[in-house]
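Visitor: If you read the sequences in order, they're chains X and S. Numbered by this note's numbering, the letters in the first sequence go through residues 1 to 370 in order. Numbered by this note's numbering, the letters in the second sequence go through residues 1 to 652 in order.
A few of these clues could be false.
[To be verified] Derived contacts from chain X toward chain S, CB cut-off under 8 Å, selection only:
1. L14
2. G236
3. F274
Hints in this document: simulated from the structure, not taken from any laboratory. Where is the CB? At the ideal position from N, CA and C, for every residue including glycine.
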Amino acid sequence: MISGLLPASLLKMLQRVDLVMLAALSLLMFMGLVTLYSASDAEMTMVYRQGIHFALGLVLILLFSQVEGKTLRQFAIWLYGIGVVLLILVLMVGVIKKGAQRWLYVGIDIQPAEMMKLAVPMMVAYYFSEKPLPPRFLDIIIALILVAVPMVLIMKQPDLGTALLIALSGLFVIYLAGMSWWLIGGSLAAIAIAAPLMFNYGMHEYQRQRILTLFDPETDLLGTGYHIYQSKIAIGSGGVYGKGWLHGDQSHLDFLPERHTDFIFAVFGEEFGFLGNLLLIGLYVFIIWRGLYIASKGADTFSRLLAGSLSLTFFIYLVVNTGMVSGVLPVVGIPLPLVSYGGTSVVTLMSAFGIIMGMKKRKRNYQTDE
Amino acid sequence: MGERLSIKTERDEQQLFNSRAIVAGLIVLIALCGIGTRLYFLQVKEHDTYTELSKQNYQKHIPRPPTRGQIYDRNGVKLADNHAQYILEVVWDSVPDQNDDGRKRWDDMQMMLERLNKIVPLSEKDLRIFGQQVNRHSRYQPTPLKENLTEQEMAMFAVNKSRFPGVNLERRMQRFYPLGTVASHVIGYVGRIDDRDLERLDKNNYAGTSHIGKVGVEAAHEDRLHGQAGYDLDEVDAHGRGQDMIERKEAVGGQDLILGLDINLQLKAEALLKGERGAVVAIDPRNGEVLAMASVPTFDPNLFVDGISSKIYTELRDDPDRPLYNRALQGAYPPGSTVKPMNTMAGLYEKVIWPGKTVYDPGFFQIPGHKHRYRCWKKSGHGGVSMDYAIAQSCDTFFYDMAYRMGVDKFSGYMSLFGFGKKTGVDLTSESDGLMPTPEWKQRRYKQVWYPGDTVNIGIGQGYWLATPIQLAHATASVAMRGKRIRPHVLRAFRTAKDRPEQILEPEVIAQIPARDKRHWEMVVQGMVHVVHASYGTAKRVGIGAPYTIAGKTGTAQVFGIAQNARYDASRLAKRLHDHALFVGFAPADNPQIAVSVIVENGGGGSSTAAPIARKVMDAYLLKKYDDETPVEETGEVEPADIVPRVEGADE
Chain X
1 MISGLLPASL LKMLQRVDLV MLAALSLLMF MGLVTLYSAS DAEMTMVYRQ GIHFALGLVL
61 ILLFSQVEGK TLRQFAIWLY GIGVVLLILV LMVGVIKKGA QRWLYVGIDI QPAEMMKLAV
121 PMMVAYYFSE KPLPPRFLDI IIALILVAVP MVLIMKQPDL GTALLIALSG LFVIYLAGMS
181 WWLIGGSLAA IAIAAPLMFN YGMHEYQRQR ILTLFDPETD LLGTGYHIYQ SKIAIGSGGV
241 YGKGWLHGDQ SHLDFLPERH TDFIFAVFGE EFGFLGNLLL IGLYVFIIWR GLYIASKGAD
301 TFSRLLAGSL SLTFFIYLVV NTGMVSGVLP VVGIPLPLVS YGGTSVVTLM SAFGIIMGMK
361 KRKRNYQTDE
Chain S
1 MGERLSIKTE RDEQQLFNSR AIVAGLIVLI ALCGIGTRLY FLQVKEHDTY TELSKQNYQK
61 HIPRPPTRGQ IYDRNGVKLA DNHAQYILEV VWDSVPDQND DGRKRWDDMQ MMLERLNKIV
121 PLSEKDLRIF GQQVNRHSRY QPTPLKENLT EQEMAMFAVN KSRFPGVNLE RRMQRFYPLG
181 TVASHVIGYV GRIDDRDLER LDKNNYAGTS HIGKVGVEAA HEDRLHGQAG YDLDEVDAHG
241 RGQDMIERKE AVGGQDLILG LDINLQLKAE ALLKGERGAV VAIDPRNGEV LAMASVPTFD
301 PNLFVDGISS KIYTELRDDP DRPLYNRALQ GAYPPGSTVK PMNTMAGLYE KVIWPGKTVY
361 DPGFFQIPGH KHRYRCWKKS GHGGVSMDYA IAQSCDTFFY DMAYRMGVDK FSGYMSLFGF
421 GKKTGVDLTS ESDGLMPTPE WKQRRYKQVW YPGDTVNIGI GQGYWLATPI QLAHATASVA
481 MRGKRIRPHV LRAFRTAKDR PEQILEPEVI AQIPARDKRH WEMVVQGMVH VVHASYGTAK
541 RVGIGAPYTI AGKTGTAQVF GIAQNARYDA SRLAKRLHDH ALFVGFAPAD NPQIAVSVIV
601 ENGGGGSSTA APIARKVMDA YLLKKYDDET PVEETGEVEP ADIVPRVEGA DE
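One chain only, chain X, in its complex shape (with noise of 0.2 Å):
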């Protein structure tokens, strides 16, 4: 009936998008923008905007999905290399805000560090996709190399989030590639004691008060500690049956910073209690289990690797911010996937998600291949 009154080209399209990873999705979208309804006080324009964003992000699952992993494949080097190229006029010639410098100005402020998120991993699966698997030790120094450029790009600007981000998405690639356990741990184990050193000398004074405010975070509670402080209240009050739906003291009498984004996560905490965030950490947790199947799916080493390696960033976004909201890990600003406010990182996580429903094999293709 329906498909009847659809173009057979589009019918054809449809067939590409994974619906059951679709559905999942939408559920989430729809969680977001009731969440976003309170979190702006029943107002609905930034819904609104949020759904325009959807609407772009559904289209660009729907043309990202069409993209097979050997078309795509063939872009990695160009994407990854335009990428680095505008991290560095970034830091020539960007735009400060806020006291960051993340923007490039070509009529409208672009991000480029957002494309990376996506060319990063397309590169180093690339990489890997041209050499037999498990990697040596030489490929996984190159790789890393193509990870570390970029991160300490970003880095620079300062964008704490996005280099973690970018620098997990490539490492996920290595990991998924077959990189040795024993290399795994012996790496786990030189961080750890990199670390501190890293805290020491690498970090700005800003992101070393972040993290010291984590662990006692009462101490300054006019500075960060306040929005830890403010969300862990919002969250713990909402019990398990949460305040209910537009109820929320906390976010409604805006003592809850950044609500429609980072910190979304503890209206919704708030409104829908411990029940509710069980319900949304599982359907996050099913997005990413689809994802890893979808990889396992993947038409080729390229496929799997790239689809793996998104799955799992998406999956770090969910911890850090959660963690972060619920005060366990470092205020870092990572927002809530499709919940929190922001036309960016809609666009960016569904161009991902269309990639990952691309990389599956396509039966049809395959078939008329043999």
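Assemble chain S onto chain X, guided by the hints.
Guide: Relative to chain X, chain S alone:
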């Protein structure tokens, strides 16, 4: 690469990926279980803590201070009232941007204040206090700017109000004492709550109240007068802006107090002491109600309500006549001969004297084996003296002898039964203990042994013995009641609201003073009647023409050598060395209705100075004879027509 190898590699790589993906999926699960645990901790285990913190965040108590109770005399004359006063308050957030720089800051506030200053003059003190307070308050809460606006200032502001958004004219209540200096020591006054008050008071009940009773009834009955504070529980946002009212608890106004004081009697007593330094205490012996408590000179309590200026305060404090000092309660004087009736009761009780016993007075007393002569006031001596004659003539020798033979322990012990050396417990602040000396006390105080001569001296109310006028009035009332001690009290009755009935306080019987024979009381009273009415009485002149019988006792206390009130003024030195004049008495002798003690500092003889004052006080009370003093006519039962408004600051 061969096809077989390729397929094998492909399959291996697929398997490798799958195993890695499964491990990753498990790690995801574990990590999110960690987050879940954290949320469980916050939302389930610690839920109550965070709920409380959340409430503290958004719930704010706005205090609703109670209306302070009013104070009346026994006939309903208003002694303490609440008057409306007008103040200017500023809500900073509502003060608009003055210099159009798009931001509202301190310079905008200053520009506004400068403009306002041309309409309503603001003193430097106003501005300084405002500057301090405004930073402590939320920008959305009012901060007082100027208090006590005159009618003209109010009118000027009202006309220009639209030019000053954020500035509001508010009505507050301020304590007012309509009779000014009259009975100021009894009524006391309220003043701003200071750090010492804050330590002891219930902060919840005083939230929003700025004043508290400092002395007198205002302080002693603070709990009754203050009432119970209410509150508005408001929901506020993170900026302190009120959103909704969650709950309101109305304040319960303080109790109205009706004192036992008869303000016309009080006026009379103060008038009689005018120009002197002294005190008059009048008690109804039947129930202990204080009918008058005059301490002269006096002061205007209204000066203290709004924060007394340091200049006026220094003047009052350093005035050699000490107007702030309540002589009736705090003044400890040697009681002199006024205590001889009580001494007589002690002698009778301890059986060192008995009715019919006479003592020979050669004009002095000598301790056996000692040469020192303790002189009677009558140098020629009284000859053979009976108990009755000893009281009426105030024969010192009789009482020297009696005290000596009784010994200090028995003497002081029995006198303590009258309440000497202890606070009477009258419901007022800063009462003095007086002093009923004992050998132990002397050892403690002076590291000296008690000499027999010390006993001889206290036998006539001299030596170390000190008594307050309220103690003397109380002891006299106890004699009038034939040994029944009733605690003196200022508060006669109270009512919880204007339309509620008055509840009269039950008199508190402290003790019954023991006597060997009940008839001893009558004998002692008879002696006191003879003081006033017998031809040989020391105060026979004041009894002339009295239509009722007075029982009294004169007293003259030597000031010389007693270092108290040591603030001497050279020009007044001579006067300050005069004896204190005292008189105690009650009337009618057979049906006592009023007991009085009078002391006039450096007034000379008790019979010439103090006794006539006591007589006039008794006349005023018993015969309603106020002479030229205009009685105050007002009944408290009929309230003034103006409606008492909702009180903002209890008594500001």
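Visitor: Evaluate each hint against the coordinates.
Guide: Verification of the hints:
This hint is violated: L14 (chain X) has a C-beta 26 Å from the nearest C-beta of chain S, more than the 8 Å allowed. Evaluation of the G236 (chain X) hint against chain S yields a held restraint, the C-beta minimum of about 3 Å falling below 8 Å. Interface hint at F274 (chain X): satisfied, since its Cβ lies 4 Å from the closest Cβ of chain S, which is below the 8 Å cut-off.
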